[in-house]
Structures are given as C-alpha cells and as structure tokens.
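Colleague: Listed here are the chains, written in short residue letters.
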Amino acid sequence: MTNSPEKPKPLVLVVDDYQDAREMYAEYLEYSGFRVAEAKNGQEALDKAFELVPDVILMDLSLPVMDGWEATRRLKGDARTRHIPVVALTGHALKGHSEDANQAGCDAYVTKPCLPDALVDQVRLMVKRRDEAQAR
Amino acid sequence: MASPAPLPPVEAPAGARLALAEHLLACESAVACARAVVEWLARQFGAAVACVGPGDSGTASVCLASEGLTGAQQAVLARAWDAPASSLSSFRTRPGARGLSADALEGAAFPGGLLAVPLGRPGAPAVALLAVELSGPGVPHVPQDVAWVASCAGPLIARLVASDARAPRRPEPDRLLRRVINAVSDPVLLTDAEGGLLFANGRGEALLVAGPDASPGRARAVELNQRLFRETLAQGGATGVHRREVPLVDPVEGMDLLFELVTTPVLAPDGPAVVVSVLRNVTDLGRAAQALGESYRRLRATEREARSERHRLDRVLDSVADPIILSDPAGGMVMMNDPAERLFAPPPLHDGAEPAEPGEATGRRGRGNEALFASFLSNLLGNVHADVSRWKSQLTLNDPATGAPLPMEALASKVLGDQGELTGIVTVFHDRTEVLERARLLERVKEVSSELEARVLSATAELAEQNEKLRRQAIQLEQASAAKSQFLANMSHEFRTPLNAILGYTNMLLQGVSGEMTPPQRRNLTRIDSNGRHLLEVINEILDITRIEAGRMPLHLTDFGLPELLQEVMAEMDPIIARSKLAVETHLEDELPGVWSDRQKVKQIVLNLLSNALKFTHEGGVQVSAEYQVATSTFAISVKDTGIGIDVSNQEKIFEDFQQVDSSPTRAYGGTGLGLSICRRLAAMLGGRVSLQSSPGQGSTFTLHFPRRARRT
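Chain order of the listed sequences is A and B. Residue 1 is where the first sequence starts when you use the numbering used here, and the numbers rise one by one after that. Residue 1001 is where the second sequence starts when you use the numbering used here, and the numbers rise one by one after that.
Treat the hints as calculated values from the structure; they're not laboratory data. Predicted, not measured: the structure shown is a model, and the values here were computed from it. Even for Gly, the Cβ is constructed at its ideal location relative to N, Cα and C. The reader is advised that the hints may include incorrect statements.
To be verified - Just so you have them, the derived chain B footprint on chain A, three or more residues with Cβ under 8 Å: (1) 49–60; (2) 123–135.
To be verified - Quick list of the computed label-pair ranges, beta carbon to beta carbon: (3) B:Glu-1537 <-> A:Tyr-31: 25 to 35 Å; (4) B:Leu-1607 <-> A:Glu-23: 30 to 40 Å; (5) A:Arg-73 <-> B:Leu-1607: 35 to 45 Å; (6) B:Thr-1526 <-> A:Glu-23: 51 to 61 Å; (7) A:Glu-23 <-> B:Arg-1522: 18 to 28 Å; (8) B:Ser-1695 <-> A:Val-127: 53 to 63 Å; (9) A:Ala-135 <-> B:Ala-1684: 49 to 59 Å.
Here chain A stands alone, though its shape is the one from the complex:
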C-alpha cells in the first residue's frame, strides 16, 4: 500500500457481471491504492481495455454477451493489450476451468470465493512481475 507520488497508481480493470462482487473488489482495490475501472461483460471489457490499457485485468469467466475466455483470447490476440496480465476469477471450482483459462491466455487463476485482501495480493504480484519484466 505504498503510494509513491511520482509514480501513478496502477489501473485495474475489474470485469464481473455481479455488481456486488464487482463493486466490492473495486472498493477494496481503491482502498488498497489502485485505480479501478469496471466492466460488466466481455464486450465491455474489450472496449475498456483498448480504451484505457489497464495495468491488470481481473476477469470473471462466466459473463454475458461475451464470456471471459473469449474476451481473454481476444485481448491476448491483440498487440495493444497482449502485455496486460489477466487474472481469471471463477466460481466454478470444477476441474477444467483453470486449464481452459490458461489456454485462453490467463496469467493467474483465482477461485471464488476469494477474499478481497487475497485478491489484492494477487494483483500486486502481477504488477510486480510486470514491472520486473519491463525492467529487464
């Protein structure tokens, strides 16, 4: 929760169709020192990602209009967004979802329920890993 003044706060795009969960994560992320953008389906997520180019995307996989796997595939297939880490979120604990998510190009996988602090830890890990990659 170190907010250095010379470095802008990282932007996290939270994609979830369930408003309570989306706003909960958004509030905790803002409380934890992140900027937050929200999207409630896959298409909207794509639009926001191209428009804002966030630092990390939290992607629920079960989404209306366009599901999370498809949206992730498109993000990873586009040069503008390929570098953005995607953390998959799913309430489906059944085996196979994580594999699909990895195939779609997700960088991390988190099973719901996931406490906000655990999620924020995961987001920080992603940002750190990206920063290290950029430093090299």
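Based on the hints, put chain B in the right spot on chain A.
Modeller: Just chain B, lined up with the frame of chain A:
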C-alpha cells in the same frame, strides 16, 4: 392131305408141357394120370378126348377119363378096345398113333373120325388108348403134342395100371370127391382117432407125407409136423368141432408156419370113427394182425398227439388276452378263445339261478356284438372281396356283462388252402381302451406342455420387457445422476457468488475499510465470518462428493515425498492447532521412500483426519506418524488422538455420507459429516483405504493405507 387139318398145328408152349409133366409125376393112379392127359389135350386142341384102359374090376376096360364125349361114345370106345378083332384092338400091339375114319367104329360113333394113340411102355403092348375126336374126314398128320403126350404118359400109365393091380384094396373116396378135395387149397386130412394118416390132399401131403426118396431134411420136417399134428389133435375132444392153432414147419423152405386146425369127427361107412382135419394157413394172417395192431397203436398215438396238440392250441389261444375268432368261409363262427366267448357268447346261466333280466341284457349285447362282427367280416367275404386278404377296422363293441363300451381294433386275415381257396378267416381283436387312454393322456400332456410353453414365452417376454425397463431406468438414473451432479455444481456456483460477497464485505469491514468498529460490532462480524466460512466448507465438501461421484475428479499422479507433504499440512493447520492448545507431534520413519500418487488427494485426506482429531479431542494430544511397509509396498499415515473415541457399533456408520456418531440437530460437534466419506472415497481412488481403531474414552486412531505406486484405473 385131302382135307384141312382137323387139329390146329399149334404147338403147346414149353411151360404147358412142363406143367403137365410135373402133374403126371405126382399122379398116384392110372385114373389120375389119364385125367391129367385128357384135360391137357382137350385144352390144347379144343376137341373131345378120352382115355380107355383097364378098369378096377380087372376084367373089362373102362373109360378112365374123358372130355366132351357122351356116355355112349365112351362105351363104344371101351368095347372096341377090348374086342379082339376091332379096329382099335390092333393098337395094343402096334405102336404109333393113327387116324381112323368114321366107319372104323360101330355106328359111326365119331362122325369125323378119330385119332387113336396107344399108351404103354416102349416095346411092350399098349395098356391104354387115347382117342381124340376129329372134325373132318381124312387121315390127319399126328401133331407133335400128341406124340409127346403119348411118349410121356404111356410108360407112366403102364406102371400105374400094374401097381393098381398089385395094390391091396383100401377104402378110398370117390374119385370125384377126391378130386374136389385135392382142389381145396387148404391142407385136408383124414385120420383115425389116434392121428394115423388115412388120407391127405395134395397140400396135406406136402406138409405131412414124405416119400421113400425124400431128402433127409424134408423127412425130419415131416416127422416133426406129424408129431405136432398128432399132439394138437389129441388135445381136442372126440366129438364136436374143435378149432385150435398148430405151428408147423414148411418142409421145403424150413420156415415156421402157423395153421388153424379145425377137426370134425366123422363116422366112416364101415364103422370106425375117423377125424377130418382142415388146416388153414394163418401165418400171413398173424403177421397181418400183428401189423394191423401196430398200425392201430400208431393211429391211436397219432390221434392222442393230435388231441393234445389241439388241446395245447386251445390253451394257447385261450391264454391270449386278445379275443380270437376263426370263421368259416361263409362267415359262421368255427372256434373262439375264451376272451372272444366273453364278448360274443355269454356263458350259459347256471341252473337258471341268475336273474333273468341281466341275462337277457347280456345276450342282447352279445348279439349286438355278433352283428357288428358279421358286418365287419362281410368286408372279406364274397367274390367281390376275393383279392382282399386282410381287413382292419375299428369297432366299438359292448361288454356283454356290463354294457361298457369297448373300443376294439379288429384285424381279420384270410386262411387260404393249398390251392389258394378260402378255408377260413381268423380275426384278432385288440382292446384299444388303453391305447386311446394313452393317446388322450398324451394329448393332455401336449396341451399342458404347450400351455407351459406359452407361459414360459410370456414370462420370457415379460422378463425381456422388464429388462428393457430396467435398462431404460438405468439410463434414466445415470442421466438423473449426471443431472444431479450438474445441478449441484451449478448450485455451488450460485452459492459461491453471494457467499463471495458476504465473506468479502465481512472481511473488508473487519479490516476497517469502513472505519473502526466497536468491539461488539467486531464480535458480531466475526460470527458472520465464521458461519460464512463453515457454509463455504460445506459447499466445498458437497462439491467434492459430487465430483467424485460424477467421475470428474481424475487422478493427477506425481512423484513427491511424505515429509514435505506433512510439513505443509502442519503449516496449514497451525492456526487451529494453536487455538486447540493440544500437543500435536509428528513421527516420521527414517528414510521414507518416494511416492508416486496423487499428492493433492493424500494431503486432503490427512488434513481431514487431522482436523477431525483436533475437533474431537479436548485434552491430551494428537500424534501424526508415517511409515512404510515393505512387505505390502504401502504407506500408512496414522492420526492418533486421545479424544472421545468411537463405539464399535458406530465405527462403520461414520464413514457414510452426512453421518456423525451424533447426527441429531442438537449435536455437540459441528461439521458436515461428509469428511470421512470423502476420505474413504479418495483413498479408494488411490488404491488404498482408511482404517479405524477406537473405543469410547480411549481415543481413536485413523490410518490411511495407500500403495507406494498408485495405478491409474
């Protein structure tokens, strides 16, 4: 010769001459000899013949024998022979036969003339003359037969005349009578009372007389015969007719002969009593009688045999249970065995003792049967059916005694004679009651069997239908199970989404995101948090069960070490262990080998066992130990506690779904009751098991046994 020969030139055959010669030799008197000659010549020439010679008186000549001449002619001849100057007297001294004309004798007694033949020894004066009447004039040639007879009989007659003259006179039957007696074929004898032979005919002499020149054999036989004859004769009385048998010997052949002797005492004219005996040869008769007796005996034996054969046949026929009837060619009954009699001819009433009514009914039925039989037989009778040799038919007769119907099969066969003519018909009946009954039973059996078959078929069909139903139900169950699993998976997702928000916001509040809270607020939020976590645990466990049942929990086999795994478990459980204030220690065997199995599942099981041990233990400690059993190549991870323990009766129950020892709503321990159930399922997936040793108050030891190298099923 001026006239045809008065005598036929026929020469007598040698046989005839021989017969005459034999006869002449047997003659004992001149008369007999003359007789033989005259008869022979008369037969040879068919002419009248006479022989004149010295009579008994010894003075005047008489006609010794004649054929075909009148008494006057005989007298003329005799006188002419005796008259010294007659034409015949010259023949006494002149040998040779000569023919004389009719006028040679007085009164022309021989109209056609005669042939005169002197008889006597050659060179001596003739003693007799033979005269053969001629049928025509002229002097004939003297036939050879006549010359032969003269040469043959002449010396004989001369001798006999001489012996006649010498022989003393004895009573002698009349010559005719004597000839008659001689002609009898049976031996006839005249004897005095003592058996001395006075006279015998030819047959008698053959048996009982032997001449001085007879052979010694014949003499002995005759002597024997005479003795036998006398003895037999002596046995008879002096008066009356007697019959008896006397065995004699044939003097010529030496054979034994049997005669029947009939004796009749007769008074001779001059006084003394004599006996007439007639012998009849019964030798052949005896043999015939013997043979007759023999054949009679044989006949009797044959008859007896035939009778016993017939009797036996009757017995055989009677012993046959099937009725048998023999009919004549017209269809009339000839013979029947006992069973047939019972059917057709009811036995007669016993002295009328039986009531008349049943008898009448019986008779009526018998007659009804007979009528049926007659119409059956008509299929074989008559010319129309001449080429039919057998007839088979089924008749329903009635038992004459009871009136019960008797289904019969009748088989009639013609009996043919040597020439193929019909001599009778044999009919055999066969009772078909049993056959019909058997057929009926067979039919019934078939019926029942087909019924049974139908039942089996329908049962089979039903079974197949039920199988199909079961199959469908199995599919439906499978589908239902899959649907249930899907449903539960979806439900868990739906549970998680709100639970995620509940737990998340609670967590945020507890972190003071919305500012600091009062201690009561914090305590209440903490309760929301722990209940939410419990709910999440329940949901996760249900999800695990569902995944295992749905086969959506595959094995992920990897290489790993148990010490590291147990370290992780202890680390994860550390907060709870710290809260429990129990002494928890681990004891690992040295040099545990590496494992090839599903690490996540082994860990889950151990976590579960350890959390249970902590939950149900209030004081004491918990020991986790791991060891490797080389013999079975299995690991054993034990979690031993000093807790409340489990009664043996509940040790199986606790492994079932949603079961705790106390499953009541007011139970003292929380938890879903799914933990051990999941452990057992996971252990099975690894090819292992979970065992339990426990008793109430003594603590429990749960042990996970699993192979060092799991096999993918």
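Colleague: Give a verdict on every hint.
Modeller: Here is how each hint holds up against the structure:
no. : hint                                 : verdict
1   : 49–60                                : violated (count 0)
2   : 123–135                              : violated (count 0)
3   : B:Glu-1537 <-> A:Tyr-31: 25 to 35 Å  : holds, 28 Å
4   : B:Leu-1607 <-> A:Glu-23: 30 to 40 Å  : holds, 34 Å
5   : A:Arg-73 <-> B:Leu-1607: 35 to 45 Å  : holds, 36 Å
6   : B:Thr-1526 <-> A:Glu-23: 51 to 61 Å  : violated, 23 Å
7   : A:Glu-23 <-> B:Arg-1522: 18 to 28 Å  : holds, 23 Å
8   : B:Ser-1695 <-> A:Val-127: 53 to 63 Å : holds, 57 Å
9   : A:Ala-135 <-> B:Ala-1684: 49 to 59 Å : holds, 51 Å
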